[in-house]
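S.K.: Line by line, the protein sequences are chains F and R. Under the working numbering, the letters of the first sequence match residues 9 to 353, in that order. Under the working numbering, the letters of the second sequence match residues 9 to 353, in that order.
These aren't lab readings, by the way, just hints derived from the structure by calculation. Hints may contain errors.
Same chains, same label: a pair holds when it works inside one copy or across any pair of copies.
[Stated by the list, open to error] Capping the alpha-carbon separation at 25 Å, the derived lysine-lysine pairs in DSS-like fashion look like this:
#1 Lys30 / Lys139
#2 Lys217 / Lys314
#3 Lys139 / Lys217
#4 Lys114 / Lys30
#5 Lys217 / Lys30
#6 Lys143 / Lys91
#7 Lys217 / Lys104
There are 2 protein chains.
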Amino acid sequence: MQADCSEKMIVFGVDIGGTITKLGVFKRGGEMLARHVFPTGSKEDGGVLEVVADKIREVLSRGSITADDVAGIGVGVPGIVTKGGVVVECANIDLKEVYLQEEFGKLLPEIQAPVRVGNNANAAALGEMYKGAGKGREDIVMVTVGTGLGAGIILNGQIVTGYHGSAGEIGHLMVNEEETVPCGCGHYGCLEQYIAAPGIVRAAQQLLKEHPEIPSPLRSYSGGGAEEDLTLPVGIVPPPMTVEAVFDAAHNGDEIAEFVIGRASTMLGKALAFVADFAAPEVIILGGRVSRASALMLDSVTDSYKRFVYPALAGIPIRLAALGSDAGMIGCDYMIEQCLYGDKP
Amino acid sequence: MQADCSEKMIVFGVDIGGTITKLGVFKRGGEMLARHVFPTGSKEDGGVLEVVADKIREVLSRGSITADDVAGIGVGVPGIVTKGGVVVECANIDLKEVYLQEEFGKLLPEIQAPVRVGNNANAAALGEMYKGAGKGREDIVMVTVGTGLGAGIILNGQIVTGYHGSAGEIGHLMVNEEETVPCGCGHYGCLEQYIAAPGIVRAAQQLLKEHPEIPSPLRSYSGGGAEEDLTLPVGIVPPPMTVEAVFDAAHNGDEIAEFVIGRASTMLGKALAFVADFAAPEVIILGGRVSRASALMLDSVTDSYKRFVYPALAGIPIRLAALGSDAGMIGCDYMIEQCLYGDKP
Numbered sequence: 009m010q011a012d013c014s015e016k017m018i019v020f021g022v023d024i025g026g027t028i029t030k031l032g033v034f035k036r037g038g039e040m041l042a043r044h045v046f047p048t049g050s051k052e053d054g055g056v057l058e059v060v061a062d063k064i065r066e067v068l069s070r071g072s073i074t075a076d077d078v079a080g081i082g083v084g085v086p087g088i089v090t091k092g093g094v095v096v097e098c099a100n101i102d103l104k105e106v107y108l109q110e111e112f113g114k115l116l117p118e119i120q121a122p123v124r125v126g127n128n129a130n131a132a133a134l135g136e137m138y139k140g141a142g143k144g145r146e147d148i149v150m151v152t153v154g155t156g157l158g159a160g161i162i163l164n165g166q167i168v169t170g171y172h173g174s175a176g177e178i179g180h181l182m183v184n185e186e187e188t189v190p191c192g193c194g195h196y197g198c199l200e201q202y203i204a205a206p207g208i209v210r211a212a213q214q215l216l217k218e219h220p221e222i223p224s225p226l227r228s229y230s231g232g233g234a235e236e237d238l239t240l241p242v243g244i245v246p247p248p249m250t251v252e253a254v255f256d257a258a259h260n261g262d263e264i265a266e267f268v269i270g271r272a273s274t275m276l277g278k279a280l281a282f283v284a285d286f287a288a289p290e291v292i293i294l295g296g297r298v299s300r301a302s303a304l305m306l307d308s309v310t311d312s313y314k315r316f317v318y319p320a321l322a323g324i325p326i327r328l329a330a331l332g333s334d335a336g337m338i339g340c341d342y343m344i345e346q347c348l349y350g351d352k353p
Numbered sequence: 009m010q011a012d013c014s015e016k017m018i019v020f021g022v023d024i025g026g027t028i029t030k031l032g033v034f035k036r037g038g039e040m041l042a043r044h045v046f047p048t049g050s051k052e053d054g055g056v057l058e059v060v061a062d063k064i065r066e067v068l069s070r071g072s073i074t075a076d077d078v079a080g081i082g083v084g085v086p087g088i089v090t091k092g093g094v095v096v097e098c099a100n101i102d103l104k105e106v107y108l109q110e111e112f113g114k115l116l117p118e119i120q121a122p123v124r125v126g127n128n129a130n131a132a133a134l135g136e137m138y139k140g141a142g143k144g145r146e147d148i149v150m151v152t153v154g155t156g157l158g159a160g161i162i163l164n165g166q167i168v169t170g171y172h173g174s175a176g177e178i179g180h181l182m183v184n185e186e187e188t189v190p191c192g193c194g195h196y197g198c199l200e201q202y203i204a205a206p207g208i209v210r211a212a213q214q215l216l217k218e219h220p221e222i223p224s225p226l227r228s229y230s231g232g233g234a235e236e237d238l239t240l241p242v243g244i245v246p247p248p249m250t251v252e253a254v255f256d257a258a259h260n261g262d263e264i265a266e267f268v269i270g271r272a273s274t275m276l277g278k279a280l281a282f283v284a285d286f287a288a289p290e291v292i293i294l295g296g297r298v299s300r301a302s303a304l305m306l307d308s309v310t311d312s313y314k315r316f317v318y319p320a321l322a323g324i325p326i327r328l329a330a331l332g333s334d335a336g337m338i339g340c341d342y343m344i345e346q347c348l349y350g351d352k353p
């Protein structure tokens with residue numbers, strides 16, 4: 009299936025997410041020519057990879073690109089991937105124990121080119137290293153704070169996958185042994201219970217309940233006390249409290265929201281200090297919904313980081329991710345660029 | 009200076025320590041033919057590297073090995089090393105801003121072969137990966153607990169040097185914000201203040217002082233109360249309390265020593281859990297004087313590790329280092345084997 013692809017000019021970067029898949033068509037060197045976004049496939053519509061193959065075939069059928077132009081396919085998946093390119097399992101999509109090189113060989117026999125695969129947190133980190141906030145570096149850690157908290161790690165220019173593909177699980181650093189609410193992993197007091205979006209919302213809701221005397225705009229949301237608001241018309245359900253609402257309230261000086269965000273930022277800064285003490289990357293990149301919600305958070309995270317980190321490492325910059333949701337596709341493109349050109353495309 | 013060395017059969021592995029230097033003569037493939045141990049050089053006797061070069065010349069002068077047989081020189085130094093092979097600085101020896109390849113080229117022009125250099129914590133980790141407790145792996149973390157606490161990190165078969173060569177500074181994870189005694193780094197409450205040898209001794213001395221009612225064999229040591237023992241003849245100074253004495257007391261059931269070692273083990277296990285959550289190595293190796301002092305410690309460190317680590321990673325083995333003080337030399341040999349044979353010799 010593999011051929012000499014050094015003269016071929018097109019790379020497909022496929023970022024397969026839990027709900028949507030993004031297919032980037034790249035010119036060698038990293039220019040994105042087109043972007044296709046579609047629902048991630050399931051068993052019902054033929055399978056995850058079949059849907060990707062159909063979309064690639066559709067792109068090829070338009071005529072401007074032929075199968076012979078394709079230098080490679082880079083793929084990111086939301087799950088565990090071995091160094092050898094086997095997808096072991098994915099939590100939310102139907103992809104398990106598949107060797108992608110072989111599978112794409114069957115699905116798209118007309119494309120004679122390498123297939124590379126990585127976990128999509130790592131793919132996003134690669135993307136940020138290639139074209140974004142980590143450009144020009146080869147040791148970066150990208151921490152994504154969203155529904156959960158995890159890290160994509162690139163050291164010596166290579167993805168660190170770790171034992172069972174489990175590197176980067178820093179959301180499960182145990183930071184509070186007194187916690188009584190369990191984390192999804194079964195432990196109590198994991199970092200992501202306080203910093204990821206649900207944890208921030210939960211903390212705000214708890215403080216609102218414990219301090220009914222403090223006025224707050226967050227009281228109009230679900231869990232903020234709105235359920236008990238007898239002035240609401242019957243049948244009207246208060247909107248769910250989002251992490252964005254908590255950030256907005258903090259920006260407007262709300263005492264409870266400021267406290268919750270302040271505490272989360274301090275904990276995140278301390279966790280990043282631990283990461284730096286261990287790996288000493290050239291840059292730490294913050295991505296994900298929670299990081300995007302507030303530039304304010306970046307400052308307080310950085311302050312906390314500097315307070316806790318080994319003094320010689322205080323100069324490591326902490327930056328917001330630059331590529332948004334394109335990072336994964338760009339990282340998938342990079343996997344191919346890297347395998348064709350060597351370490352430095 | 010570099011030549012094709014693929015047919016040459018001898019490698020020098022030079023582990024330069026703060027007080028002694030070890031020179032291993034290896035046959036390609038890793039067999040150690042001879043070991044020379046001598047005081048690390050200083051400005052007074054010509055310089056650190058000059059003394060190494062003299063010793064190498066002495067080995068060559070014996071006639072069984074010629075300069076043409078030398079496939080390379082691997083060097084470990086107690087300091088900061090860039091990826092490019094420049095020794096930036098060393099805390100305790102006179103070696104600063106030196107590009108070793110060039111320097112050995114001048115000192116030993118008869119040897120036409122590559123010179124590789126790494127920090128000696130990383131060299132020891134490479135050695136353990138090549139021939140010791142991490143044999144057959146390519147993702148290992150070796151934590152050395154002695155006078156200080158640091159980690160040598162090998163991921164994807166490569167040393168992780170990090171920003172300014174500072175990766176692995178896990179002795180400075182801040183674990184106790186209430187601490188009032190400063191660490192050498194200027195912070196308060198760093199991990200190594202509790203787990204490294206001086207921290208264990210200090211903790212025992214403090215408890216002995218706080219609990220004069222508890223009998224303990226440690227009271228006969230300095231700082232254990234022996235200074236106030238009026239039955240000691242005038243002029244007799246009690247022996248210094250060592251970490252080995254504290255371990256011995258713990259083995260014999262001493263309450264204070266057991267408490268101190270138990271607490272240190274728990275903290276170390278938790279720190280290793282943090283390391284695993286981040287990097288998920290295939291094996292964690294414990295080296296250094298404190299680790300060697302007690303097999304008992306390994307069990308309690310492992311228990312604590314399992315309690316704190318992300319559940320999927322509880323199976324990562326924690327092992328004692330297997331090569332003792334030879335690890336550094338063997339790792340230096342491996343640096344050359346790796347650069348000649350590629351990643352897997």
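S.K.: Hint by hint, where does the structure go against what was stated? Just the numbers, ascending.
M.R.: 2, 3, 5, 7
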